[in-house]
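Peer 1: The chain contents come next:
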Amino acid sequence: MVLVLALGDLHIPHRAADLPPKFKSMLVPGKIQHIICTGNLCIKEVQDYLKTLCPDLHITRGEYDEDTRYPETKTLTIGQFKLGLCHGHQVIPWGDLDSLAMLQRQLDVDILVTGHTHQFTAYKHEAGVVINPGSATGAYSSITYDVNPSFVLMDIDGLRVVVYVYELIDGEVKVDKIDFKKTPATTHSAH
Amino acid sequence: MLIIHYYCGTIQISQKEINLEKLQRIASTGIPEGGNLRATVWKLILGYLPPSRDLWEKELSENRKKYAKLKEELLLTPSELARMKEEAFQSNEHNNAHSDTAGPLIRHEISHEDHPLSLGKASVWHQYFEHTEIAEQIDRDLQRTHPEMKFFSGESSFGRKHRESMRNVLLLFSKLNPAIRYVQGMNEVLAPLYYVFSTDTDEKNASNAEADSFSCFVLLLSDSVDHFCQQLDNSSVGILSTLSRLSDLLKANDEELWRHLEFTSKVKPQYYGFRWITLLLTQEFNLQSILRIWDSLISSPFGIQEMLLRVCCAMLLCVKSRLLSGDFAANLKLLQHYPEINIEHLLQVAQDLTPDTSYYRMSS
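Here the protein sequences come in this chain order: C and W. Mapping of the first sequence onto our numbering: position 158 corresponds to residue 170, and the numbering continues sequentially without gaps. Mapping of the second sequence onto our numbering: position 303 corresponds to residue 612, and the numbering continues sequentially without gaps.
Since the hints were derived computationally from the structure, they do not count as laboratory data. Treat the hints with caution; some may be incorrect.
Heads up, simulated BS3-like pairs for lysine-lysine below, C-alpha to C-alpha not over 25 Å straight-line [said to hold, decoys possible]:
#: 1; chain 1: C; residue 1: Lys43; chain 2: W; residue 2: Lys375
#: 2; chain 1: W; residue 1: Lys394; chain 2: C; residue 2: Lys43
#: 3; chain 1: W; residue 1: Lys375; chain 2: C; residue 2: Lys193
#: 4; chain 1: W; residue 1: Lys459; chain 2: W; residue 2: Lys394
#: 5; chain 1: W; residue 1: Lys375; chain 2: C; residue 2: Lys189
#: 6; chain 1: W; residue 1: Lys642; chain 2: C; residue 2: Lys43
#: 7; chain 1: C; residue 1: Lys34; chain 2: W; residue 2: Lys378
#: 8; chain 1: W; residue 1: Lys378; chain 2: W; residue 2: Lys394
#: 9; chain 1: W; residue 1: Lys484; chain 2: C; residue 2: Lys186
#: 10; chain 1: W; residue 1: Lys484; chain 2: W; residue 2: Lys459
#: 11; chain 1: C; residue 1: Lys189; chain 2: W; residue 2: Lys378
#: 12; chain 1: W; residue 1: Lys374; chain 2: C; residue 2: Lys186
#: 13; chain 1: W; residue 1: Lys394; chain 2: C; residue 2: Lys194
#: 14; chain 1: C; residue 1: Lys186; chain 2: W; residue 2: Lys394
Using C-beta positions, here's what the derived DEER-type ranges look like [as the list claims (entries may be wrong)]:
#: 15; chain 1: W; residue 1: Glu381; chain 2: C; residue 2: Asp30; range: 18 to 28 Å
#: 16; chain 1: C; residue 1: Pro25; chain 2: W; residue 2: Gly412; range: 51 to 61 Å
#: 17; chain 1: C; residue 1: Thr64; chain 2: W; residue 2: Pro487; range: 57 to 67 Å
#: 18; chain 1: W; residue 1: Glu382; chain 2: C; residue 2: Leu69; range: 31 to 41 Å
Which chain C residues stay away from chain W? Per the calculated CB distances, all over 10 Å, these [what the hints assert, rightly or not]:
#: 19; residue: Leu69
#: 20; residue: Asp79
#: 21; residue: Tyr82
#: 22; residue: Ser111
#: 23; residue: His137
For each residue, glycine too, the CB sits at the ideal point set by N, CA and C.
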């Protein structure tokens, strides 16, 4: 059981002051093993805060991040899964599934996590799963002002991932889950 | 002498119907090492094994199965539990990667508490994380248990497996006893049991040491588990009441020493006896001595707690001259770092004490 927090597009301090209090009260140290952040924090204080939740922190560069040294993309292996991380403003059209699928094949990962649209999405396609955790602060995006704060917590357990989607809707935290399994490599015959 | 002793013991436990009283008498003079005598005798006298040999296999198998089931229920992570539940309800509608259709993944609503960040007391996730704190404390204490012994310490797969088994026992105990949970020192009380059962020459027994020591740990503590509960400290079943009985026992057997400790050097039992009693002397002696002392404790017709008080009293008597010439600081130091001593002599003194008549007094 490995818990991975995926979040991004906070846009602190320019578009939002902080994470919603109801999110902050749930995000406590000691529970999460990894944090992957799509980008647009935008300031170092946010990075410091995330580090207090979990020392294993991965960040990719959003176009408004103060620290320009974050990489454009990142890949990491957690348990049986390869994860890819990219802010997504580089992938045009923004949020287009086929373009993202191409990036996923390039990075050769099972799960691609991107942001930029500030809308939670989770898609499955031939090359794997693409997840967008949305904006953790509900900051407005280049596309819309109607943004509910959201983030994602993945529970990686063997060949199975349970994705918990946390959204703040009308002041209340709503939690959904999605689960999917990875099929073992196709070279080994399936049952 | 030892050989006769060994045979007596073996003869006793090879009877069809074991005479527990006879066995207790033999055991209280010390159970010889070797074979599986000690493991079997302890299990018999603690009540884990029934006195009828024919029933052993059935009892052991049932108890070990029960333990495995408890582990399954209480020691799985919430992910594993959720996964097992879903495998039971596997249906085709359930969206998973086996379906080849591309597209948005289906979101399922979940009840309020059923997610990892839940702060609700009833949430299995919340309870799991609360227990990880306890588990971390247990792990820290296990690292410090008998560090000089390869059996318990070091990074060999051997030492690690033993620590993992002990961790399971202690974690399970803490979940089943929420009023007490885990208290530092319980690792020390478990260690002799687990060690004796794991070194049983019978392979089946040795491989089930975890399950057997869990049950015997519970049996061993059944009379004294209240000592671990802080809220009960001042009650008639709490540690302070037991310590005052130790005081009374000393007074009945050696008023001079009692007076010197209580009044002259003001060394009250709670300063040294707390650890002696709650941890059944596991912190005061090396493992071999503990095993010998426990032979007497477990097999005593007075019962474990009574015999324990006698041994504690004997410990005081055996260093009487040093105590009489010591002040508060010296006496405290001596009793908190009890010196090496002839264990047979200590146990003989304990055996010969005047019975504690305060036991029969009405508690105020």
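Peer 1: Now look at each hint and say whether the structure bears it out.
Peer 2: These are the hints, each one checked on the structure:
A hinted pair counts as satisfied when its Cα atoms are at most 25 Å apart, and lysine 43 of chain C with lysine 375 of chain W does not qualify at roughly 31 Å. For the given pair, lysine 394 of chain W sits about 23 Å from lysine 43 of chain C by alpha-carbon distance, which is consistent with the 25 Å threshold. Among the hinted pairs, lysine 375 of chain W with lysine 193 of chain C is inconsistent with the structure: their alpha-carbon atoms are about 32 Å apart, more than 25 Å. Between lysine 459 of chain W and lysine 394 of chain W, the direct Cα distance comes to roughly 40 Å. Violation of the 25 Å bound is thereby established for this hinted pair.
Proximity of lysine 375 of chain W to lysine 189 of chain C is assessed by CA-CA distance (about 34 Å); at most 25 Å being required, the pair is judged violated. For the hint linking lysine 642 of chain W to lysine 43 of chain C, the alpha-carbon distance of about 43 Å lies beyond 25 Å, and the restraint is violated. With a CA separation close to 38 Å, the supplied pair lysine 34 of chain C and lysine 378 of chain W exceeds the 25 Å bound. The suggested pairing of lysine 378 of chain W with lysine 394 of chain W holds, with an alpha-carbon distance near 15 Å, which does not exceed 25 Å.
For the hint linking lysine 484 of chain W to lysine 186 of chain C, the alpha-carbon distance of about 30 Å lies beyond 25 Å, and the restraint is violated. Using a Cα cut-off of 25 Å, the hinted pair lysine 484 of chain W and lysine 459 of chain W is violated, with the two alpha carbons roughly 29 Å apart. Taking the CA atoms of lysine 189 of chain C and lysine 378 of chain W, the gap is near 29 Å; set against the 25 Å cutoff, the hint is violated. For the hint linking lysine 374 of chain W to lysine 186 of chain C, the alpha-carbon distance of about 41 Å lies beyond 25 Å, and the restraint is violated.
Distance restraint check for lysine 394 of chain W and lysine 194 of chain C: the Cα-Cα separation of roughly 19 Å lies within the 25 Å cut-off, and the hinted pair is therefore satisfied. Proximity of lysine 186 of chain C to lysine 394 of chain W is assessed by CA-CA distance (about 23 Å); at most 25 Å being required, the pair is judged to hold. Distance hint check for glutamate 381 of chain W and aspartate 30 of chain C: the Cβ-Cβ separation is about 43 Å, which falls outside the suggested range of 18 to 28 Å. Distance hint check: the CB atoms of proline 25 of chain C and glycine 412 of chain W are about 37 Å apart, inconsistent with the given range 51 to 61 Å.
The given range of 57 to 67 Å is broken by threonine 64 of chain C and proline 487 of chain W, whose C-beta atoms sit roughly 30 Å from each other. Our hint of 31 to 41 Å for glutamate 382 of chain W and leucine 69 of chain C holds, since their Cβ atoms are close to 35 Å apart. Listed as outside the interface, leucine 69 of chain C is consistent with that label: its C-beta sits roughly 17 Å from the nearest C-beta of chain W, beyond the 10 Å cut-off. Separation of aspartate 79 of chain C from chain W is adequate, the least Cβ-Cβ distance of about 27 Å exceeding the 10 Å criterion.
Once the 10 Å rule is applied to beta carbons, tyrosine 82 of chain C is consistent with being away from chain W; the minimum gap is 26 Å. At roughly 14 Å, the least C-beta separation between serine 111 of chain C and chain W is larger than 10 Å, which holds for a residue marked as non-interface. In this structure histidine 137 of chain C is not separated from chain W by more than 10 Å, as the shortest Cβ-Cβ distance comes to only about 4 Å.
Comparing the model with each numbered hint stated earlier shows that hints 1, 3, 4, 5, 6, 7, 9, 10, 11, 12, 15, 16, 17, 23 do not hold.
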